[in-house]
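Chemist: Top to bottom, those sequences are chains V and C. With this note's numbering as the guide, the letters of the first sequence map in order to residues 1 to 260. With this note's numbering as the guide, the letters of the second sequence map in order to residues 1 to 191.
One should not assume that every hint holds.
[What the hints assert, rightly or not] Not the full set, but computed from the structure, chain C residues with beta-carbon under 8 Å of chain V:
#1 K46
#2 A47
#3 C49
#4 T69
#5 K107
#6 F156
[Claimed, not checked] Below are the DSBU-like pairs computed for lysine-lysine, each with C-alpha atoms no more than 35 Å apart in a straight line:
#7 K22(V) with K35(C)
#8 K168(C) with K69(V)
#9 K69(V) with K35(C)
#10 K35(C) with K107(C)
#11 K90(C) with K159(C)
#12 K214(V) with K149(V)
#13 K23(V) with K107(C)
#14 K46(C) with K137(C)
#15 K107(C) with K69(V)
#16 K159(C) with K79(C)
#17 K107(C) with K22(V)
#18 K35(C) with K79(C)
#19 K79(C) with K90(C)
#20 K7(C) with K90(C)
#21 K137(C) with K23(V)
#22 K137(C) with K107(C)
#23 K7(C) with K35(C)
#24 K23(V) with K69(V)
#25 K90(C) with K22(V)
#26 K159(C) with K137(C)
#27 K137(C) with K7(C)
#28 K78(C) with K90(C)
#29 K90(C) with K137(C)
#30 K46(C) with K7(C)
#31 K23(V) with K90(C)
#32 K107(C) with K7(C)
#33 K137(C) with K78(C)
Derived from the structure by calculation, the hints contain no laboratory data. Note that CB positions come from ideal geometry on N, CA and C, so glycine has one too.
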Amino acid sequence: MSTQVQLPIFEGPLDLLLHLIKKNEVSIADIPIATITEQYLATLELMEFLNLDVAGEFLVMASTLVHIKSRMLLPAGEEESEEEEGADPREELVRRLLEYQRYKEAAEELEQREILTRDVFVRSATPSEEVPPRAFREISVFELLSALKRVIDRLPKDSFHDVTLDKITVREKMTLLLDRLRQTSSILFESLFSEARSRMEVVVTFLAMLELVKVRAVRIYQDQMAGPIMIEAAAGMDEAAERAVIDDEADEAKDGQHGT
Amino acid sequence: MEREEIKSIIESLLFVADGPQTLQRFAEVLDGVEKETLEAVLRELKAECEAPGRGVRLVEVAGGYQLRTARVNAYWVKKFLGGRPARMGKATMETLAIIAYRQPITKAEIEAIRGVDVDGVITTLLERNLIRAVARKDVPGRPFLYGTTPEFLQLFNLKDLSQLPTLKEMDEISLPEIPGDVISMDQLEEK
Numbered sequence: 001m002s003t004q005v006q007l008p009i010f011e012g013p014l015d016l017l018l019h020l021i022k023k024n025e026v027s028i029a030d031i032p033i034a035t036i037t038e039q040y041l042a043t044l045e046l047m048e049f050l051n052l053d054v055a056g057e058f059l060v061m062a063s064t065l066v067h068i069k070s071r072m073l074l075p076a077g078e079e080e081s082e083e084e085e086g087a088d089p090r091e092e093l094v095r096r097l098l099e100y101q102r103y104k105e106a107a108e109e110l111e112q113r114e115i116l117t118r119d120v121f122v123r124s125a126t127p128s129e130e131v132p133p134r135a136f137r138e139i140s141v142f143e144l145l146s147a148l149k150r151v152i153d154r155l156p157k158d159s160f161h162d163v164t165l166d167k168i169t170v171r172e173k174m175t176l177l178l179d180r181l182r183q184t185s186s187i188l189f190e191s192l193f194s195e196a197r198s199r200m201e202v203v204v205t206f207l208a209m210l211e212l213v214k215v216r217a218v219r220i221y222q223d224q225m226a227g228p229i230m231i232e233a234a235a236g237m238d239e240a241a242e243r244a245v246i247d248d249e250a251d252e253a254k255d256g257q258h259g260t
Numbered sequence: 001m002e003r004e005e006i007k008s009i010i011e012s013l014l015f016v017a018d019g020p021q022t023l024q025r026f027a028e029v030l031d032g033v034e035k036e037t038l039e040a041v042l043r044e045l046k047a048e049c050e051a052p053g054r055g056v057r058l059v060e061v062a063g064g065y066q067l068r069t070a071r072v073n074a075y076w077v078k079k080f081l082g083g084r085p086a087r088m089g090k091a092t093m094e095t096l097a098i099i100a101y102r103q104p105i106t107k108a109e110i111e112a113i114r115g116v117d118v119d120g121v122i123t124t125l126l127e128r129n130l131i132r133a134v135a136r137k138d139v140p141g142r143p144f145l146y147g148t149t150p151e152f153l154q155l156f157n158l159k160d161l162s163q164l165p166t167l168k169e170m171d172e173i174s175l176p177e178i179p180g181d182v183i184s185m186d187q188l189e190e191k
């Protein structure tokens, strides 16, 4: 067993012993102690060689095994111990192994039951504790502004043409953004401006986005500090957007009467 | 109240319920309806859920009744919900099994069986609310005695602790791994 590196992870010395007993196809009640001890020690060496953390319990068991082995080598009656005459030195170990095996099997049986969130689910089921709620952070206006600046800086330098010619309104851009969000639930901040050809267009798009954030039709978030900024449709986006447009129209009409 | 009406109400309650609901709870809500009637209605609902093509089961778990998805649909439900269920390691499962069968039990007693330190595992199980300290043992140091929680029963689809698979007697233990029986709804029904 020189290159046998594939080592199962043993839960403890008893687990390792059961593994060896199974591997050698011997009975727990009649363990060939010399063979098993030898293999046990070899496995410990291998574990140490592989830098696996060999817990103290493994070493305690090693000494127990060696002790049992030596007692079995002694002719019956020569050992002057206070223990009962003729008792099998393996008895205590066998008892522990059987007891452990019992719970190991019980654990395997439990494992096969219909486990909640693995086999069966309930209505309010949270998939698991491992799935954290989406940890997005709110973004400050300053972060947004510097992201905006990066977009503007990347604009082609020859975009000096008269921007007032193609007049773009915030309303139009809001509608466009909403359309995109209806198709994909989230958009990368930068990609909002991928078709913008002028400074003005970038700014108008940006204002449209801010407007939608204000009315809570969309959310801006970032998974991590300095990570990509994402724009996402908020729950009830369409409703919120509708209200915004109405407000906007009201503003335009300089009506001054804002409905609630 | 008509039987059909009761059944319809119970189904609605089961649908909105958060966690398993006891017969007692249904009896309180459906004031005046005999418990026997409620039980019969629940049995009917359970049988109806078993019909081919149905994806929800009515199960008796942790002392109550609860709607759960059918096991055969696990793959699709998981795909829909996304995320992976928290898997329990062997050490955790073994420790949990020992506590389930031997409760109330101290940490030292668990360690005597497993032959390893169980500090970390106990913490995990406490955090996951699958076990709790139920008392202190009257021995030096007054160590905590641990037992399982209702969440444990829910996790393993157990009506109560008596439903735990019978622990094998020492002489019944065989080394080759025999897959344990999965208790099906049919078997539950027979009870």
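Chemist: Could you tell me which of the numbered hints above are not met by this structure, giving the numbers in increasing order?
Modeler: Hints 1, 2, 3, 5, 7, 9, 10, 14, 18, 20, 21, 27, 32, 33 not satisfied by this model.
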